[in-house]
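**Student:** As given, the protein sequences belong to chains A and B, one line each in that order. Under the UniProt record's numbering, the first sequence has 88 at position 88, and the numbering climbs by one with no breaks. Under the UniProt record's numbering, the second sequence has 327 at position 327, and the numbering climbs by one with no breaks.
By construction, these hints were calculated from the structure, which means they are not laboratory data. All of these numbers come straight from a predicted model, not from anything done at the bench. There could be a bad hint or two in this list.
[As the list claims (entries may be wrong)] Cβ-Cβ distance ranges computed for the label pairs, FRET-style: (1) B/P66 / A/Q124: 48 to 56 Å; (2) B/R243 / A/E126: 14 to 22 Å; (3) A/Q124 / B/P242: 38 to 46 Å; (4) A/E126 / B/P66: 50 to 58 Å; (5) B/T713 / A/E82: 56 to 64 Å; (6) A/E82 / B/G170: 48 to 56 Å; (7) B/P66 / A/R61: 29 to 37 Å; (8) A/P59 / B/P242: 47 to 55 Å; (9) B/N302 / A/I38: 56 to 64 Å; (10) B/P66 / A/E82: 51 to 59 Å; (11) B/G254 / A/I38: 25 to 33 Å; (12) A/R154 / B/N302: 53 to 61 Å; (13) B/G453 / A/K144: 44 to 52 Å.
[Claimed, not checked] Facing chain B, from chain A, some residues (calculated, C-beta under 8 Å): (14) G35; (15) C99; (16) L100; (17) W101; (18) T122; (19) Q124; (20) G138.
[Unchecked claim] Covered stretches of chain A (in silico footprint by chain B; criterion: 3 or more residues with CB under 8 Å from a CB of chain B, positions within the stretch not fixed): (21) 21-31; (22) 90-96.
In this text, a Cβ means the ideal position worked out from N, Cα and C, and glycines have one as well.
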Amino acid sequence: MKLQVNGRLHEVRHGDEALVWVLRDELGLTGTHYGCGIGMCGSCTVLVNGEATRSCQMPARAAQGQAITTLEGLATRSSGGEVRLHPVQQAFLESPLQCLWCIPGHVMTAVALLDAVPRPSTEQIEAHANRNLCRCGGYNTIRKAVARAVELTREEA
Amino acid sequence: MSPPSPDWQVTRRRVLIGLGGAGTLLVGALIGLDRGRPAIVNLIEERGTGPQNAPTTPDLWFEITPEHLVFYSPKVEMGQGIHTALAQIAAEELEVSPSQLDVRQAPSSRGFDGRVMFTFGSSSVNALYTPLRQAAATLREMLRAEAARQLDVPANQLSASGGCFFVRGGRRFLSYGDVVAAKQGEWTVPDAPPILKEKAAFTTIGRSIPRVDVRAKLLGEATYGYDARVPGMLYGAVARPPRYGARLSFAAPGQVQRAPGVVQVVIDLAANFAGVVADTRTQARAAVEQLNLRWEGGTTINQDELERLVTADEAGAVVLRRRGNVGTALRRGTLVEAQYRTPLAAHAHLEPLAALAQVQGKEVKVWVPTQYPERIIQDVQATLGRGYNVTVYPTLLGGSFGRKAGQSAAPEAARLSAAVGRPVHVGWTREEDLRHGFFRLPTHTVLRGSVDGRGRILGVEQFSASGNIVWNFEDMPGGILTQNLLGFDPGVLIGRFLPYDLPNYRVVNKQVKLPVLTGPWRGLGLLPNTFALESFVDELAHAAGVDPLAFRLRHLPQTREGRRFRRVLETAAQRSGWGTAAPPGRARGIACCMDVHTAVAQVAEVSVEQGQIRVHRITAAVDPGFVVNPQGATLQATGSIVMGLSSALKEQIQVRGGMMQTANFDTYPLLTLAETPEINVVLVESGEIPYGMGEPVIGAVAPAVANAVFALTGTRTRTLPLALM
């Protein structure tokens, strides 16, 4: 079977396994992290057709024919090869968390929110950000970074 | 994935020069044995093992070529920002911008002394601050002398900036890379020790420079232990006992060898080991579940039995401190008695244990997220045999908090790789990680104290019982004999003593060997001890009818330590509005602690909503001596507060039938974003030496919250996690 990840089609051998392992171990996209395997910590979050999805809870086969975006697929490259971060990545670069193992959850959840609601309320930001854990305790930084990402997105628009 | 591995020439003043290779300058430094380790360990080792072998490789080293300037860090990056802090310390003396310095992780083939590579005890910045500056300054002066020769001017006519030497009053300059490229012959180390920069001249140290590790992590390009990859690798999974201490008495592969993707079943009853190597991780895990295994023995302990074991009394206890006559003091004044309990708790780092091992003949390479590379070497050699040459390549760590000091995924991966003849990655599941590690020790503390009519403490008697920390974790020289002679575990001493002037004080400790493995957890004994002691001081203050802040201040000693405590207490109080009315329905509590010489005070502001404690605001004042990176220090403090709050409000492990009843975040909930209060951290400085930031702040959270709950409700909560009946 084939999976479309970050705009490219990949042949996949172990479609019955959880998407997180196919992405990480088969396709080598280790930017998506495993943290709990029960959909609670959020470290394995990817976008499936734009929706923030726990890749540990989804068999790879279920994502067939859908557009998957991982952390690796957010930044863009200029014609000169210069890497341009997504506004959410830029916001977390300015206000970093500590170990960042949880970062796929926070970034992908915020990207999905901003794509759906370009000007989210504080309550919406709070509700979305609350879906993911951060053991290093960077929750107030996450609040700040997502609010900053909203600003950056508005500036880009 | 392997950095250069040159031979080294030891020169004067503990500086090493890498040999061979024109166009490259390798300069290393030996930083010695004795920084940042507990004195007790030092004493035992020096008596027990005699002098170390002469060093032949450096603890710290730099590599300069025309293309790059690299610093190899002996300390691992686990989110504490150490690679950034070390980069800015080195950049300051090298006179380069930190962004010009490429920080890479040193492998274990460097450094003769294990403890230099051991990242532990909030000690990295403190231990490396001066040696790293000396090494960088030596390198700068070697380059300056050579640049002066190449430019044909006196060395004192060159000024260094941005990685270049400029001729004063002229336009000529050379970059460090130019100097190295044009160098002919051998480098020499200058005779005079380098002069280090004055604090007033710092341009990099003391600033919040951007973290060096974050960009790659945001792009998904960073390599943590779970991400380690080499061509041709397979995946391994290992069977776990159903009860702690259970032994594998029978194991058979059954049908597993024919299961999809299975490459090999590895069974070694003597080593208590059964595992599977397969093409994918999911296949390996499924196959392990199908092995035909019989486990015997082990503990069947239940929670109530565990708590009975951890009971503070005089039987088998040793006196840690005795001042004055406590017995007499307690018969005078107003007597206060209270007992406190803290539970077993997990580290719950979000990246579970993982390791990749490649065994080829007698050569073993291990990529592993570890705080303690030397320990990995020992563990792999204990598994495969002393004749194996083990090199550890520490990866980034997705959190650790002490857990990845021991790292048993590494010997497991090595055993499987040796059996199958290919590289094997073992990544633990969350369930394995929460159940089969070691835990923060459970404690029980009984306190008796009395106060007189003028609001002064007459005396305090303190009994504690707790599990082991260091004794379980380290193969300490002297072993069992030393443990029995001492009667206490060095780790439980962290935060164990009241910092106040007490005319009569007696501290008794009972060390309990538990059937459940306990070990290093952020701050070691700091959180459990500070919870008990700072809650009890609050109880004494209320018994004396004195404001808890004023009560603490009046009992602080007239020492430097006492003055630093006073300053953080007053700062936290002032910033939190202590002494003014709290918002309606809320109250404040205060607590303080000290660890690795860093002084901490915190004020918590809480309410109780439908019987639930809600924390609205934490104000912390922290004096770590001197701050290298304010942003990094603030993140460490904030992170400690959130982790401490998580312990104070939510975390506990219950044991039943010899096994944890918690297995994942549904049964072991962590503090969430919605539960995280406003946190304000104020950094105050008191000198020129940076102490530690990783652990000290975690101590004062729980008692500050408990004291606030008492101020609000009149109910004293003496067990973690805090709960109102």
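**Student:** Could you tell me whether the CB distance from B/N302 to A/I38 stays inside 56 to 64 Å?
**Tutor:** violated (26 Å)
**Student:** Per the CB criterion, is A/Q124 less than 8 Å away from chain B?
**Tutor:** Given a least distance of 13 Å, the restraint on A/Q124 is violated.
**Student:** For the restraint on A/L100, tell me whether the closest CB of chain B is nearer than 8 Å.
**Tutor:** This interface hint holds because 4 Å falls under the 8 Å limit.
**Student:** Does the Cβ-Cβ separation between B/P66 and A/R61 fall within 29 to 37 Å?
**Tutor:** At roughly 51 Å between Cβ atoms, A/R61 and B/P66 fall outside 29 to 37 Å, so the hint is violated.
**Student:** With respect to the beta-carbon atoms only, verify the hint that B/G254 and A/I38 lie 25 to 33 Å apart.
**Tutor:** holds (28 Å)
**Student:** Assuming the hint says 44 to 52 Å, is it satisfied by the Cβ distance from B/G453 to A/K144 or not?
**Tutor:** holds (50 Å)
**Student:** Checking hints one by one. Is A/G138 an interface residue toward chain B, by the C-beta closer than 8 Å rule?
**Tutor:** holds (7 Å)
**Student:** Does the hinted range 47 to 55 Å hold for A/P59 and B/P242 at CB?
**Tutor:** This hint is violated: roughly 29 Å between Cβ atoms.
**Student:** Could you tell me whether the CB distance from A/Q124 to B/P242 stays inside 38 to 46 Å?
**Tutor:** Since the Cβ atoms of A/Q124 and B/P242 sit about 45 Å apart, the hinted range of 38 to 46 Å holds.
**Student:** Can we keep the A/C99 interface hint, with Cβ of chain B closer than 8 Å?
**Tutor:** Holds - the Cβ of A/C99 comes within 8 Å of chain B, reaching about 3 Å at its closest.
**Student:** Per the CB criterion, is A/T122 less than 8 Å away from chain B?
**Tutor:** violated (12 Å)
**Student:** Given A/G35 as an interface hint, is its Cβ closer than 8 Å to any Cβ of chain B?
**Tutor:** Nearest chain B Cβ about 5 Å off; hint holds.
Hint compliance for this structure: hints 2, 6, 7, 8, 9, 10, 18 and 19 are not met, and every other hint is.
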